[in-house]
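S.K.: This is what each chain is made of:
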Amino acid sequence: MPNSPQHRVETGSWEVLIEINSKRPEDTSADPSEKVLAPYHRTMEEIERMPVVEKTMTVCPECKLVINGILYKDGDNVMIRKFCPEHKWTVEKYWEDYDMYMKMKRYNYFGRGFENPNYITETKGANCPFDCGMCERHKSHTGLANVVITNRCHLSCWYCFFYAKEGEPIYEPGLDEIRKTFRNLRSQKPIPANAIQITGGEPMMHPHIIDVVKMAKEEGFDQIQLNTTGIIIGQNPEMAYQLKHAGVSTLYMSFDGVSKRANPKNHWEVPLTLEAMRKAGGNVVMVPTVIRTINDHELGAMINFAINNIDVVRAVNFQPVSLVGRMPTRLREKQRITIPGAIKLIEEQTNGVIRKEHWFSVPYVGGLNKFIEALTGEFKYDLSIHFACGAGAYIFIDSDNKIVPLTEFLDAPGLLEHLQKAINEMDGKGKIMRRAIAVRALLGVGKFIDKKKQPKSVNFMKMLMSLFLKHDFATMGKIQMKSLFLGMMHFQDEYTYDIHRVEKCDIHYAMPDGEVLPFCTFNVFPEVYRDKVQKQYSIPTSEWQKTHNNWTYSKDKYMRDVKALEQTPQYIKTYGSLIDYFALPVNGGKAVSSFSRPTEPQKVAVVATNAGKTEQVEETASPAQAVHSDHAEGDSCGCGSGGCGCGNDSCGCGSC
Amino acid sequence: MDHSSGHSAHEATINESFDPYVVENGKRYMVPYRIIKRAVFENIERAQLIDIPHAARLQYRLMLMDPVIKASVDFTKAKITILYNHIGADNNKEKISIEELTAFLAKEGVMTNPSYTIIEDYDYYKNFYSYAYNPAKIRERAPYGYTMEQWQKMKPDWEIKMVEGEAAKKAKFKAFQESYLDSNPDAAAVVEPGRAPKKKQKPTLKERIFGKNNSNGKGFWFHGI
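Protein sequences appear in the order of chains A and B. Be aware that the first sequence starts at 88, since it is given in the working numbering, and climbs by one per residue. Be aware that the second sequence starts at 580, since it is given in the working numbering, and climbs by one per residue.
Hints are supplied without guarantee of correctness; some may be wrong.
[Unchecked claim] Taking CB as the label site, the calculated pair distances span:
(1) Ser762(B) x Ser641(A): 21 to 29 Å
(2) Arg720(B) x Gly368(A): 50 to 58 Å
(3) Ser758(B) x Thr416(A): 38 to 46 Å
(4) Ala754(B) x Val139(A): 26 to 34 Å
(5) Gly515(A) x Gly605(B): 26 to 34 Å
(6) Asp700(B) x Gly515(A): 34 to 42 Å
[As the list claims (entries may be wrong)] No farther apart than 30 Å at their CA atoms in a straight line, the calculated lysine-lysine pairs in the DSS-like style are these:
(7) Lys686(B) x Lys301(A)
(8) Lys549(A) x Lys777(B)
(9) Lys734(B) x Lys748(B)
(10) Lys443(A) x Lys543(A)
(11) Lys753(B) x Lys301(A)
(12) Lys192(A) x Lys366(A)
(13) Lys740(B) x Lys366(A)
Because the hints were derived from the structure by calculation, they are not lab data. Even glycine gets a Cβ: it sits at the ideal position worked out from N, Cα and C.
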């Protein structure tokens, strides 16, 4: 086979590739201020001289010894270094913008843990992170609860660690067991979990998914997210109605890019899913996993895609990849991207329309909630996560298509300071005095809004008043309807692990044994948490086969018909009529990076390698055909199963 | 043992007669263990545990073994507690003997003393599973800006409000479902096939004279202004 590893070895091209991959960036600049920043390649003497930003506890990625972690400043980067007596130094990128790190840090605060923590061990968090459940040491209540309802998935994405591989036991709890988990989450004190994400595997593969959603609503969850590829909904559009009626608030849908190459997971089905959700009046949050060199060139294009579908898409929640499992430095360096790294790329790719100063860390919102809590005396959601875990920005699309980020017309830090003063004043006062202080504070809110800059179609003051006076989810929903929320959520891995972050985590997993765990212990140490406990509560495949109508692993897997999907009216409409909002004169008039309409026949001259010869393929091939012809039969997409469902041989893993 | 692999070589023994489900109020829940063992090793030499980070790693390494359900290595108290699925336990999961456990600890440099070792039965269902689903309340906090004294006075009202809020929330959602199906015949056809379409209400006299009020309670005179 012409492109197989065997062939590469025989022709010597393998050695060439290895040599190219081993090249390090060279510093040829004479001016020391222009030196190539290569934070991974410094000597330890150099690194130890760098200014220390913060100290924390972390783990050795090799042996899991709990060790000191030092965050230090290297040029513009915040790096983490750690020393294990056995495995020596590990150096990793923690945050790619020092100034932004310091800005985000201002909003950090300690929230409230559980009044009824459900941990079992006796050491009370002394051996963190190997003592999880929610121990006395944990500092945030559950903000978003994840409940895994199956580990089966119809795809086999190479970077995903959430699904059962062939031969692994099946975890799929029954309805009563799921209800018990929901009740467990709702019985948390003092603030019951109110937002839930039903996840998997692919949760749509659970045979009673509609009943699961209904049950979540019955148990009192306000916000129900369904974490899915959307493929099953796209192909069974009537399910969108059922889900909406049952109580799904948002579809939390994987979406790794606009192009086929960046998003082999569900590029072809997304138009069908969006159309189904549009008709059902549903909401979609697009969730790209961002991997440097794989899809980081399409961040702006993804935002543009979301704006094109703003009638149904409420948010794009970027998730810089968590490099779980042991990886060589070279590969980490290549694929690592952190929140500010993605934010900077968005700024570049949207021609400065969405800039880094428009972003805020998640605990910023805690200031607003504290004000409402101090006013009403009722517990409110805290969102007290670590500032380095998440960031967000709101953009409004005005009637003339101008993209207006929220902080263009709202002095957010000023507003927060103003409210904090009122909170301090309220301390120890009676009900009437509190209200008087609140009224005075609210009357002063107007000065933080620049009405000349706010979108013409939005009265933000009115929205804000509604939020403060009604202080409910519906008001937040109304803000969402007129805007697009851009989120960042960076989950940790063994290289960047920071115990200060994990003890403030508010994205939790409810496990079948009754314990509740932070996301970044559940998934970073699956061998002692996720996989271990799910295995205890799983059924071996042989037994699953017997009880489930001769089920086989391959029957679960999705095979797509690319040609048929590309001819659907939804596909042609969605990708073929994309508007480049960033290219409009009102937004600066420069095209968003990587903008393209994939369905238009393009003049492409793709060179297909065939036994050492090169030949020109059809000039009018659609990109799908072009990509396909670029990959010879027998290529491995690296997913290990050969059934990644990508429909062509390019799953974007870089190994095709 | 390869600590990094996350797998242990222990095999599951299948007992066909074991029912992994328990019944609570007529509902079936999978509970993979019943009576397991708890081993408590006390008076361990601190030097063998080295320090808290090494104790934490030992705990991690113990947890890597499938038959170990929970482990706790307490450096301060020089004590190791292990919940494990012992040989002969009535379930279908991987099992381990106490000898294997002590051998593992010895390999990790921790020598246990039989005279300071307690091995006892542990009811997984009662003490682990049921507790995790109904944990004890260990502390209480007041909302931001309030003292505990103020909170104690406010709390009964808040609790009533919470219950009322839950009921109101459910009623609101029910109303949403009705209006969703009423306003969306396609959805109605899928969700409730055969559902009779809602009769259009006749406009009232006031509506016939002044037009329908679409202004969300602001009063008809705002309409269109």
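S.K.: All hints, please: hold or fail.
M.R.: Hint check:
{"no.": "1", "hint": "Ser762(B) x Ser641(A): 21 to 29 Å", "result": "violated, 43 Å"}
{"no.": "2", "hint": "Arg720(B) x Gly368(A): 50 to 58 Å", "result": "violated, 39 Å"}
{"no.": "3", "hint": "Ser758(B) x Thr416(A): 38 to 46 Å", "result": "violated, 57 Å"}
{"no.": "4", "hint": "Ala754(B) x Val139(A): 26 to 34 Å", "result": "violated, 57 Å"}
{"no.": "5", "hint": "Gly515(A) x Gly605(B): 26 to 34 Å", "result": "violated, 51 Å"}
{"no.": "6", "hint": "Asp700(B) x Gly515(A): 34 to 42 Å", "result": "violated, 53 Å"}
{"no.": "7", "hint": "Lys686(B) x Lys301(A)", "result": "violated, 51 Å"}
{"no.": "8", "hint": "Lys549(A) x Lys777(B)", "result": "violated, 34 Å"}
{"no.": "9", "hint": "Lys734(B) x Lys748(B)", "result": "holds, 20 Å"}
{"no.": "10", "hint": "Lys443(A) x Lys543(A)", "result": "holds, 24 Å"}
{"no.": "11", "hint": "Lys753(B) x Lys301(A)", "result": "holds, 11 Å"}
{"no.": "12", "hint": "Lys192(A) x Lys366(A)", "result": "violated, 42 Å"}
{"no.": "13", "hint": "Lys740(B) x Lys366(A)", "result": "violated, 37 Å"}
Of the numbered hints listed earlier, those contradicted by the structure are 1, 2, 3, 4, 5, 6, 7, 8, 12 and 13.
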